[in-house]
Structures are given as C-alpha cells and as structure tokens.
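Asks: Going line by line, the protein sequences match chains X and W.
FYI, the numbering for the first sequence is 51 to 381, going by the working numbering.
FYI, the numbering for the second sequence is 8 to 294, going by the working numbering.
These aren't lab readings, by the way, just hints derived from the structure by calculation.
Values in this document were obtained by computation on a predicted structure and should not be read as measured data.
Possibly wrong hints are sitting among the right ones.
Each computed DSBU-like pair below joins lysine-lysine, with the alpha-carbon atoms no more than 35 Å apart [stated by the list, open to error]:
id: 1; chain 1: X; residue 1: Lys363; chain 2: X; residue 2: Lys237
id: 2; chain 1: W; residue 1: Lys97; chain 2: X; residue 2: Lys237
id: 3; chain 1: X; residue 1: Lys363; chain 2: W; residue 2: Lys271
If the Cβ cut is set under 10 Å, some of the chain X residues that face chain W in the computed set are [claimed, not checked]:
id: 4; residue: His157
id: 5; residue: Val166
id: 6; residue: Asn176
id: 7; residue: Ile201
id: 8; residue: Leu204
id: 9; residue: Tyr208
id: 10; residue: Ser283
id: 11; residue: Ile287
id: 12; residue: Ile342
One-sided excerpt, in silico: chain X residues whose CB lies under 8 Å from chain W [what the hints assert, rightly or not]:
id: 13; residue: Val64
id: 14; residue: Gly156
id: 15; residue: Tyr158
id: 16; residue: Ser160
id: 17; residue: Met161
id: 18; residue: Ala162
id: 19; residue: Trp222
id: 20; residue: Met224
id: 21; residue: Thr225
id: 22; residue: Phe335
id: 23; residue: Val336
id: 24; residue: Gly339
id: 25; residue: Ala340
id: 26; residue: Val343
id: 27; residue: Pro350
Cβ atoms here follow ideal geometry from the backbone N, Cα and C, with glycine treated the same way.
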Amino acid sequence: MRRYVWLLIALALVIAYPLVFTTPFQQRLGALVLLYAIAASAWNIVGGYAGQVSVGHVVFFGCGAYAAMAAYAHFALSPLIGIPAGIVFAVLIAAVIGGPTLRLSGHYFSMATIAVAELARLIVTNTEYLGAAVGLSGPTVPRNVFDLSFISALPYYYLFLLILIITLGITWWMTNSRMGFYLRAIKDSERAARSLGAPASRTKLYAYMLSAGLTSVAGALYAMMFGFVDPESGLGILISVKILIMAALGGAGLLFGPFVGAAILVPLEEISNSLLGGKGAGLTFVVYGAIIVLIARFQPGGILSLINRLWAKRRAGPIEEKVAEGASHAS
Amino acid sequence: MTFTLVQVIVGGLLLGAVYALFSSGLTLVWGMMNVVNFAHGDFVMLGMYVAFVVYTLLGGGPLVGAPLAMLLLATLGVIVYFALIRDIMKGPMLAQILGTFGLALLLRYSVFWWFGANFLSLPENLVGGTFDIFGIRIQASRLLAGVVALLVTLGLHLLLTRTTLGSRMLAVAEDATAAQLMGIRPDSMQAVAWAIAAGATGLAGALIATFFYIVPTVGETLGIVAFVTVSLGGFGSVPGALVAGLLIGVIESLSGYLIGAVYKDIVVYALFLGFLWFRPQGLMGKT
Numbered sequence: 051m052r053r054y055v056w057l058l059i060a061l062a063l064v065i066a067y068p069l070v071f072t073t074p075f076q077q078r079l080g081a082l083v084l085l086y087a088i089a090a091s092a093w094n095i096v097g098g099y100a101g102q103v104s105v106g107h108v109v110f111f112g113c114g115a116y117a118a119m120a121a122y123a124h125f126a127l128s129p130l131i132g133i134p135a136g137i138v139f140a141v142l143i144a145a146v147i148g149g150p151t152l153r154l155s156g157h158y159f160s161m162a163t164i165a166v167a168e169l170a171r172l173i174v175t176n177t178e179y180l181g182a183a184v185g186l187s188g189p190t191v192p193r194n195v196f197d198l199s200f201i202s203a204l205p206y207y208y209l210f211l212l213i214l215i216i217t218l219g220i221t222w223w224m225t226n227s228r229m230g231f232y233l234r235a236i237k238d239s240e241r242a243a244r245s246l247g248a249p250a251s252r253t254k255l256y257a258y259m260l261s262a263g264l265t266s267v268a269g270a271l272y273a274m275m276f277g278f279v280d281p282e283s284g285l286g287i288l289i290s291v292k293i294l295i296m297a298a299l300g301g302a303g304l305l306f307g308p309f310v311g312a313a314i315l316v317p318l319e320e321i322s323n324s325l326l327g328g329k330g331a332g333l334t335f336v337v338y339g340a341i342i343v344l345i346a347r348f349q350p351g352g353i354l355s356l357i358n359r360l361w362a363k364r365r366a367g368p369i370e371e372k373v374a375e376g377a378s379h380a381s
Numbered sequence: 008m009t010f011t012l013v014q015v016i017v018g019g020l021l022l023g024a025v026y027a028l029f030s031s032g033l034t035l036v037w038g039m040m041n042v043v044n045f046a047h048g049d050f051v052m053l054g055m056y057v058a059f060v061v062y063t064l065l066g067g068g069p070l071v072g073a074p075l076a077m078l079l080l081a082t083l084g085v086i087v088y089f090a091l092i093r094d095i096m097k098g099p100m101l102a103q104i105l106g107t108f109g110l111a112l113l114l115r116y117s118v119f120w121w122f123g124a125n126f127l128s129l130p131e132n133l134v135g136g137t138f139d140i141f142g143i144r145i146q147a148s149r150l151l152a153g154v155v156a157l158l159v160t161l162g163l164h165l166l167l168t169r170t171t172l173g174s175r176m177l178a179v180a181e182d183a184t185a186a187q188l189m190g191i192r193p194d195s196m197q198a199v200a201w202a203i204a205a206g207a208t209g210l211a212g213a214l215i216a217t218f219f220y221i222v223p224t225v226g227e228t229l230g231i232v233a234f235v236t237v238s239l240g241g242f243g244s245v246p247g248a249l250v251a252g253l254l255i256g257v258i259e260s261l262s263g264y265l266i267g268a269v270y271k272d273i274v275v276y277a278l279f280l281g282f283l284w285f286r287p288q289g290l291m292g293k294t
C-alpha cells in the first residue's frame, strides 16, 4: 500500500515539474528526460528483463523517426500517421534480426545488433528517398494541431509523460504475465528454463519485438519535437549507447530504473553541453564511458538496486537482513 | 584491367594481414576467457595515435613508433585486465558488455577531446615511395605493414602452439581450475593474454597509421572488422583469424573497386550478419 502512496507522490511531482520550472530550458530538459526515459524503458524490456544486451536499438528509434518524417515529407500527412508504420517496420526488423541471433549466446546478439545499426545508417545515408546524408524535415509551420509542431516544450512534456506511463504500464503488465515469469527464468538460467518447458527463444523474440515497437514510438516523438531527422540523430550508434547507459545506470530489469537513469544523465549532458559548448560533446561521452565502466565494475544492478538493497537492510532485522541480501543478489 | 585487379587484390591482402593481426588479439581473449572486448577497435585507434605522435611530434620513424605503440598498448591491456576484466568476467553478461563498451567510449572520446574530431594523416613519404613489381604498384608503407603483420601473426600462432607459455595459456583456456591444480596461475596467464592481445592492436595501429586515415571514431569501424574476422575465422583460432583477415581485406578492396568505395563497409557488415546467422561457428570452427 505504501508503495502506491509513494508512486502517487512521484507522479504528482512529475506532473507539477513544468508548472514550477517554467523557463523554456527547464521545460525542454523535462521533456527530454521523459523522451529518453521512454526509449530506455523500452530497451529495458529486452536488455533488462530478458538480459539480451542490444547495442543497436537506434535502428528501431530510426524506424520511428524516419517513418514520422517521411509521412510528412513524401505524403504531406501528419507525422502521427508515421507512428504505426514505424512500429510495423521496427517489429519486422526485430523479427529478422532476433530470429537467428537470439538462439546464440549473448555476445553474438550484441555484436549483431551493432552491425545492423551501422548497416542501417550506411544504407540510409546512401538512400535518396530518405534524404541521404541531409535527412528529412517535418512541418516548419504547423498546419493544425495534428502536426504536433509546437514552439513551447510544454505540450511535448505531457505527451511524452502519457507515452511513458503507457510504456511502463505495458512493461509492468508484461512482468506479471506468463511472459514475465518465463523471462525471469530464462535470465537466471536459460538451460534450466528450457528444460522446464519455457519456450526460451520465442519468449526472448517476443520481448525484443515489443521493445522494438516501443522504441520506434520514442524515435517518432523525438523527430516530431526536433522537426527533422538525419542519419546521425536518427541512426547514430551513440543514441543506442545513451539509451543503454540510462537503463543500466538507473537499474536494468527494474521498472523505474531507466527513468532514474534518464533523470540523472539527460540534465548532466544538457548542462555540460551548455557550459562547455562544442568541446563539451567529447567530454560528455568521456564521462558517460567512465560511468558505465564504474557501474559494470562495482554496481552492475544500477543505482535503484543499490537503493533497494540499502532500504531493505534498514527496514529488516538482523536475520532478515541476510535474507534480503540474498534475495537482492539473486534478482 | 587485369593488372589493376591484381593490384587491388594485393592491396587487399596486405591490409587483410593487418586485420588478421589485431583480430587475433580479439580471438585470443575471447577463446581464453569468453570475454568479448568491445573496445578492441579503440585499442587499434590508440595505437594509431601513439604512432602519429611519435612520427610527427617526436620525429621518430616506424622503427621507434611501432614497438613503442605495442609496448604502451600491452601495458594498457594488463592494466585493463587487472582493473576491470578480472572482476567483470565473473559477473552477468550485462556487466561484461557494459564494461568493455564503456571503456571503448572512454578511450574514443578522450582522444576526441584531446585531438579533436579532425581527420589526421601522415605524410605519404614517411615510409619511402612505391615499388613496382611486374607492373603492380605497391606503396612501401602498405608492403611493410602487411609483411610485418603477417610475420607477427604467424609468430603469435607459433607462440601459442609451440612454447611452454602457449601451452599454459591454452590449459587455462581449456579449464582454469584444472590448470590451477597443475600449478599454473590463471590470473597471470590471462593477464599475459591481454598484454598480447592489446600489444597486437598497438602494433597493428602503428602499422596502418602510415597510410590509413586517423580519426577518433576509426575504432568503431575497425572493431566491427575484428568481429567479422573473428566470427568468420572461428572464435579462439589464430590461423582462422589469419585466413579470415586476408579474405576480408580482399573482399573489402574488391567491393570498393567494383561497386564503389561507399559500399565496401556495407558489404563487410552484411557478410558478418550472414555468417552470424548461417554459420556462427565460422569457416574453420567446429560445430
């Protein structure tokens, strides 16, 4: 019960944020945090819950971004129409990549996803229809509200919040369904899960496809907010990296982990970029790299799992403490 | 036409030998401790920058630059092993991938921050001129790089198969616990493997720096080349990496020449995916 009270308080704070912090920079920052939280939460389904580390999620992000912009640029439709098309492309690509590679061990999957992302970027860079190296632009002057082109970041903020809640809702529903139990079993020991009859390859593939579809929505929203997409902003490997790091820093495999990670890293990046200017871009990724190395070395579970553990320790007596510690190690 | 084609193939073989050299480091580490180093390409990039600094700022030639790059990178390899790999290799898959991937970012963007994003290149005549063999023109720098890389890769194979050190390393690769019971310290052997693997990348980087473009993000491309080579040659096999490296060098050069320079990476990446999907054990690997 207490959990829900905390959840409601957190939700109220998130809803109130742009009303309290009203400068364009702060509102834009808030919207970006939510946007990356959507993408990282989507990644979390396959990377966290299924334990398959995709380093090429930007492909799905790009599917959404390019579909939304192509809907406008080629058919003069609202970028919103591109969202379902982007989802279809992303899910199909996920099925094609995931089918053969998810049967192999984890490393192969990670490498295959990098190669697919780079392949997609190279192909799009050489495809005239998708704007080649220049990219595609969205509506410069909104024709109506469905063009989703606003000057203020406020409408984006609440739109992204809605989509984030839906994404987390789907994730929560998944973890409590049969699929969630299969995934947890597979993550602990794929061999044991298989021997008990859990359809491991198929479950991982479904998780990957679900994750891909949701990531493409994040890509479409990103393109709408910025009004354009090019190979670097829509398919650059660094976007995959950001998504992955946010989820891992907050806590991969935890419902709110990606949101926590995004809430830490997005402001860090925006502030360091605005303070250091062009030189800051390089330094930001140096810091990102250092953070990932440190998480991997000392706290693979992420910040949220560390907090959970400390919390459990504080509340539990001396005997339960050991149990709580054991449980958090197992999870 | 035929002369040009032969020239393209020879160029591909020479570059392929360098691919084979740094890929054999990746395959060694992977085969021995089942860790995939996602920073491998960035180690090569570091080797290139060490060489660049030696060649331009310190005025040394490849005779100074190449051994120095090898030594510095080997040291880095040992440091990385003890500071990071030793702990994360026992952890979950996510930690392994994150650890080396984070290292890649750290190295890549430290160089980016320091040297900037500009393409650097060394003067053409650093390693003198071009040879003309039966009408085939070969740059001396490429010839030097290819031949040295080929010899060192073969030497590495001999080291692993014909020496006591090699046998010890293979014993650790086979079963670390059993090796420990025989009086071999897995820790030292694995550190040696990292030194060799990183040293190979340093040497390879210094060798290609004389004719390749030098840019902080070059490691990304070279890392994928190493993955392709290793997956083609079979994980853990140095001879496999040699054959696969030469093959990829030729395929890349030929597709660059026949289809267009833009498409050569596309061909290599597509080849990689094809192999992962249809023959993950590689050309020479066992099922």
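Asks: Each of the hints needs a verdict: does it hold here or not?
Replies: Results for each hint:
1. X:Lys363 - X:Lys237: 25 Å, holds
2. W:Lys97 - X:Lys237: 16 Å, holds
3. X:Lys363 - W:Lys271: Between Lys363 (chain X) and Lys271 (chain W) the Cα gap is close to 56 Å, so the pair fails against 35 Å, i.e. violated.
4. His157: With a closest approach of 4 Å, the His157 (chain X) hint holds.
5. Val166: 7 Å, holds
6. Asn176: 6 Å, holds
7. Ile201: 32 Å, violated
8. Leu204: Status violated, d = 33 Å.
9. Tyr208: For Tyr208 (chain X), the interface hint is violated, since the closest Cβ of chain W sits about 33 Å away, which is over 10 Å.
10. Ser283: The hint is violated - Ser283 (chain X) has no Cβ within 10 Å of chain W, the shortest such distance being about 16 Å.
11. Ile287: Status holds, d = 7 Å.
12. Ile342: 3 Å, holds
13. Val64: Where the cut-off is 8 Å and the nearest Cβ of chain W is about 27 Å from Val64 (chain X), the hint is violated.
14. Gly156: Interface hint status for Gly156 (chain X): holds (4 Å vs cutoff 8 Å).
15. Tyr158: Hint on Tyr158 (chain X): holds, closest Cβ of chain W at ~6 Å, below 8 Å.
16. Ser160: At 5 Å from the nearest chain W Cβ, Ser160 (chain X) passes the 8 Å test, so the hint holds.
17. Met161: Holds. Min distance 5 Å.
18. Ala162: Holds. Min distance 5 Å.
19. Trp222: 21 Å, violated
20. Met224: 19 Å, violated
21. Thr225: Violated, about 17 Å.
22. Phe335: 4 Å, holds
23. Val336: 4 Å, holds
24. Gly339: 3 Å, holds
25. Ala340: 6 Å, holds
26. Val343: Val343 (chain X) check passes; min Cβ-Cβ to chain W is 4 Å, inside 8 Å.
27. Pro350: Interface hint status for Pro350 (chain X): holds (4 Å vs cutoff 8 Å).
Figure legend: structure checked against the earlier numbered hints; hints not met, in rising order: 3, 7, 8, 9, 10, 13, 19, 20, 21.
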